[in-house]
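Enquirer: Here are the chains, one letter per residue:
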Amino acid sequence: MSLHVENLGVARGGRPVLEAVSFDCAPGEALVLRGPNGVGKTTLLRTLAGLQPAMSGDITLPEDSSAYASHADGIKAQLSVTENLAFWAAVHGGALDEGVLADFDLAALRSRPAGTLSAGQKRRLGLARLGVIGRSVLFLDEPTVSLDGAAVKMFADWLRDRHLGQGGIAVIATHIDLGLEAPTLDLSPYVAAPDAGGGSDEAFL
Amino acid sequence: MSPPPTRVAAATRPSCEGRGVDPARAANRSRAAPGSARAPDRGRPVIALLKRDLALAVRAGGGFGLGLAFFLIVVVLVPFGVGPQAEVLARIAPGILWVAALLSALLSLDRIFALDFEDGALPLLATSPLPLEAVALVKGLAHWITTGLPLTLAAPALGFLLNLDPAAYAFLLVSLAVGTPALSMIGTFGAALTVGLRRGGLLMSLLVLPLYIPTLIFGAEAVRRGADGASAATALVLQGGITLGTVALLPFATAAALRVNLR
Amino acid sequence: MSVWEYANPKKFIATTTPVLPWVMGGAAVTLTIGLVWGFFFTPDDYRQGSTVKIFYLHVPAAMMAINIWVMMLVTSLIWLIRRHHVSALAAKAAAPIGIVMTLIALFTGAVWGQPMWGTWWAWDPRLTSFLILFLFYLGYMALWTAIEDDDTAADLTSVLCLVGSVFALLSRYAVNFWNQGLHQGASLSLDAEENVADVFWYPALVCIAGFVLLSVGLVILRTQTEIRLRRARALQARMTG
Numbered sequence: 093m094s095l096h097v098e099n100l101g102v103a104r105g106g107r108p109v110l111e112a113v114s115f116d117c118a119p120g121e122a123l124v125l126r127g128p129n130g131v132g133k134t135t136l137l138r139t140l141a142g143l144q145p146a147m148s149g150d151i152t153l154p155e156d157s158s159a160y161a162s163h164a165d166g167i168k169a170q171l172s173v174t175e176n177l178a179f180w181a182a183v184h185g186g187a188l189d190e191g192v193l194a195d196f197d198l199a200a201l202r203s204r205p206a207g208t209l210s211a212g213q214k215r216r217l218g219l220a221r222l223g224v225i226g227r228s229v230l231f232l233d234e235p236t237v238s239l240d241g242a243a244v245k246m247f248a249d250w251l252r253d254r255h256l257g258q259g260g261i262a263v264i265a266t267h268i269d270l271g272l273e274a275p276t277l278d279l280s281p282y283v284a285a286p287d288a289g290g291g292s293d294e295a296f297l
Numbered sequence: 019m020s021p022p023p024t025r026v027a028a029a030t031r032p033s034c035e036g037r038g039v040d041p042a043r044a045a046n047r048s049r050a051a052p053g054s055a056r057a058p059d060r061g062r063p064v065i066a067l068l069k070r071d072l073a074l075a076v077r078a079g080g081g082f083g084l085g086l087a088f089f090l091i092v093v094v095l096v097p098f099g100v101g102p103q104a105e106v107l108a109r110i111a112p113g114i115l116w117v118a119a120l121l122s123a124l125l126s127l128d129r130i131f132a133l134d135f136e137d138g139a140l141p142l143l144a145t146s147p148l149p150l151e152a153v154a155l156v157k158g159l160a161h162w163i164t165t166g167l168p169l170t171l172a173a174p175a176l177g178f179l180l181n182l183d184p185a186a187y188a189f190l191l192v193s194l195a196v197g198t199p200a201l202s203m204i205g206t207f208g209a210a211l212t213v214g215l216r217r218g219g220l221l222m223s224l225l226v227l228p229l230y231i232p233t234l235i236f237g238a239e240a241v242r243r244g245a246d247g248a249s250a251a252t253a254l255v256l257q258g259g260i261t262l263g264t265v266a267l268l269p270f271a272t273a274a275a276l277r278v279n280l281r
Numbered sequence: 321m322s323v324w325e326y327a328n329p330k331k332f333i334a335t336t337t338p339v340l341p342w343v344m345g346g347a348a349v350t351l352t353i354g355l356v357w358g359f360f361f362t363p364d365d366y367r368q369g370s371t372v373k374i375f376y377l378h379v380p381a382a383m384m385a386i387n388i389w390v391m392m393l394v395t396s397l398i399w400l401i402r403r404h405h406v407s408a409l410a411a412k413a414a415a416p417i418g419i420v421m422t423l424i425a426l427f428t429g430a431v432w433g434q435p436m437w438g439t440w441w442a443w444d445p446r447l448t449s450f451l452i453l454f455l456f457y458l459g460y461m462a463l464w465t466a467i468e469d470d471d472t473a474a475d476l477t478s479v480l481c482l483v484g485s486v487f488a489l490l491s492r493y494a495v496n497f498w499n500q501g502l503h504q505g506a507s508l509s510l511d512a513e514e515n516v517a518d519v520f521w522y523p524a525l526v527c528i529a530g531f532v533l534l535s536v537g538l539v540i541l542r543t544q545t546e547i548r549l550r551r552a553r554a555l556q557a558r559m560t561g
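Residue numbers (the numbering used here), protein chains in the order written: chain A, 93 to 297; chain B, 19 to 281; chain C, 321 to 561.
A few of these clues could be false.
What the hints assert, rightly or not - Where chain A lies over chain C, by a calculated footprint (3+ residues, C-beta under 8 Å):
| # | region |
| --- | --- |
| 1 | 378–391 |
| 2 | 444–450 |
As the list claims (entries may be wrong) - Cβ pair distances, simulated, as ranges:
| # | chain 1 | residue 1 | chain 2 | residue 2 | range |
| --- | --- | --- | --- | --- | --- |
| 3 | C | 469 | B | 95 | 38 to 44 Å |
| 4 | B | 72 | A | 212 | 28 to 34 Å |
| 5 | B | 247 | C | 423 | 37 to 43 Å |
| 6 | A | 156 | B | 262 | 26 to 32 Å |
| 7 | C | 497 | B | 104 | 44 to 50 Å |
Don't read these hints as lab results, they were simulated from the structure. Bear in mind that the values here come from a model prediction, so they are computed numbers and not experimental data. Note that the Cβ used here is the ideal one computed from N, Cα and C, for glycine as well.
All chains, full assembly: derive it from the sequences and hints.
Expert: Structure (C-alpha cells):
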C-alpha cells in the first residue's frame with residue numbers, strides 16, 4: 093500500500109503544465125505540494141486521483157484506494173450532517189463511523205440540515221467525509237480554506253492520528269503549515285517548458 | 019517532443035521515509051483503519067445514491083410537483099388552441115398526452131447532473147467505487163421515479179379532459195409505463211453531454227428531442243390503435259425494445275460523456 | 321507506409337492540396353455534363369412530365385446527406401479509438417455540408433411534391449426521415465459550437481454522433497411504421513423492376529458522381545480550414561503562454 097509516481101507529466105486544457113514529477117510515499121506518510129498559483133497543483137492532484145488522464149509517466153497505487161477532496165465537497169444543503177456523511181460512507185460500501193463526528197466537532201450539529209451550517213462548519217463536514225469513506229490515499233486540494241485556527245488544528249490532528257497514524261497516505265496542496273512532519277515538494281522546478289511536447293495541440297504546431 | 023529538462027534533478031525527489039506507523043498510537047485505536055478490507059457489497063452504494071437523489075427531489079421541492087403541473091397546463095392549453103369539439107380532442111388526445119408527457123420529462127433533465135456538478139459531488143462520485151455507468155443508471159432511474167412514474171399515473175386523469183376514448187385508457191397507462199423509462203435514460207445522456215456548459219438547458223433540448231422521436235411514435239401509436247380498437251401489440255413491443263435498449267446501452271455513453279466533462 | 325500517416329495535420333494538408341483542384345474541377349465538369357444532359361437531353365416522363373427532372377438534384381443530394389452522416393460516424397469512431405485530430409476535424413467540417421445536402425433534398429422534394437402530390441409538404445416517411453436527419457445535424461453542429469475546449473468538443477460530439485446514428489436509424493423505421501407514405505420507391509435500386517429507364521439512369525449516374533466529387537472536395541477544403549484554425553489557436557495559446 094504505497095504511492096509511487098514516476099516521471100509524471102500533466103496537462104490542463106490540453107496544454108502541458110508540469111512534467112517529470114516523481115515521488116514516493118510509503119504508508120503513514122504525507123507529502124505537501126507547494127508552488128505559486130497556477131503552477132498546476134490542482135491539475136496534478138486531479139490527475140493523481142484519476143479524474144483526468146496523465147500526459148506521460150506512471151502513477152502506481154492500489155486500485156480503488158484513493159479519494160480526492162477540493163473545496164467543492166459535494167455537501168447537499170437539504171440533507172442533515174449525518175445524512176451527508178452516511179451517504180458517502182454507503183457509496184464507499186461502509187457505514188457511518190460515529191467517531192468521525194467527534195473528530196471534527198460535528199456531534200452537536202448532527203441533525204442540522206447542512207444548508208444551515210456556517211462556511212467553516214460546512215468545510216468541517218466536507219473534511220469529515222474523508223473519515224467515513226475508508227480510503228487510504230487522500231489527494232487534498234487546499235483542504236483548510238475557510239477554516240479557523242482551531243479547525244485547522246482539528247483537521248491536522250485527524251490527519252496525523254486517524255489517517256497517517258493508521259498507515260494512510262496523503263498528498264496535500266496547501267499554503268499554510270498544518271504542523272505535519274511531512275516533506276515538501278515545490279512544484280516550480282517541474283513547470284513544463286513552453287515548447288514541451290505531449291499536449292493536445294502538439295500535432296498542429 | 020522536447021527532451022526532459024535536466025534542471026529537474028533526481029536529487030529533488032522527495033521521500034517520506036523515516037515516519038513509520040507509531041505502533042503505540044495505532045494500537046489504542048479500535049476504529050477501522052483506512053483501507054481496511056470492506057465487504058464488496060455492490061448493491062449498497064447503488065441504493066444509497068438512489069435514496070439520496072429521491073430524498074433531494076422531495077426536499078428540494080419541485081421534483082414531483084413542477085413536472086406534473088406543467089403536464090396539466092400543457093393539456094389544459096390544447097383545447098384553447100384547437101377548439102372545444104369533443105371529437106377533435108378525442109382524436110388528438112393520444113398524441114397530445116404523449117407530447118405533453120415528453121415535454122414535462124424534458125423540464126427536469128438539466129437538474130440530473132448539474133447540481134452534483136456545481137457542488138463538486140460528481141468528481142467525488144467518479145472517484146468512488148461506484149462505476150459511472152451505475153451512477154448514470156441510478157440517475158436515470160431516480161429521474162423516472164420522480165417524473166415518469168407520476169406522469170404515467172396522472173395521464174388517465176388528463177385523458178378525461180381531452181375526451182380520450184374509453185378503450186384507450188389501459189393503452190395510455192401501459193404505453194407511458196413502458197416508454198417513459200426510455201425518456202429518462204435518453205434525457206440522462208443529454209444531461210451528461212451538456213453538464214459542463216453554462217447555458218446547457220436549451221442546447222440539451224435540441225439534442226434530446228430528436229432522440230425522443232421513436233419513443234413518441236410508438237407510444238402515441240399504441241394509444242391511437244387502442245382507441246381505434248386495433249392491435250397495439252406491435253407498437254408496445256417495439257417501444258419496450260427501445261426502453262430495454264436504452265437502459266442496457268445508454269449508461270455507457272452517458273458515463274463516457276461524464277468522464278469527458280469531468281476532465 | 322500506413323494509412324494513418326495522413327492523420328497528421330501537416331501531411332493531410334500537404335497531400336490533399338494538390339488533389340483538391342482536380343476534385344473540384346472534376347465536380348464542375350461532371351455536374352455540368354450530368355445536369356445539362358438530364359435537364360435538356362432526356363425525354364419527359366409520360367406520367368410526371370418535365371417535373372421528373374428535378375430528380376437529378378433530389379436523388380444525389382439525398383444520397384450525400386446520408387453518406388456524409390455515415391462518414392461523420394466513421395471519422396468519429398476513428399477519433400474515439402485512435403485519437404487522430406484530423407479525423408475529428410473532418411467530422412466537424414463535414415456537418416455543414418451534410419446539412420446543406422439535407423436541405424437541398426428537402427427543398428427539391430417539396431418542389432417536386434407540389435405538382436405530383438398537390439402539396440409542398442407531406443408527412444411522407446422518406447421526407448420526414450430527412451427532416452429528422454436535419455434535426456440531428458442541427459444538434460450535432462450546435463454541440464460543436466457550444467463547447468470551448470477542442471478535444472472535449474470532439475469527444476462529446478463523437479459520442480453524440482454514435483448515439484444519434486442509432487436513433488436516426490430507429491427513427492427511420494419508426495416513421496415507416498407511423499405512415500406508409502406517398503413516396504415512390506427507391507429510384508435507383510439495382511434489382512427493382514420499377515427502376516428508371518436507361519435514358520434517365522445514365523445522366524443520373526453522372527450527377528451522382530458529380531455530387532460525390534463536390535462533397536469530397538468541400539469536405540477536404542473545410543477540413544483544411546479547420547486544421548488551420550486549430551493551428552492558429554494552438555500558436556496563439558503558445559504565444560500568450
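Enquirer: Could you check the structure against the hints above and give me the numbers of any it violates, in ascending order?
Expert: Those not satisfied are hints 1, 2, 7.
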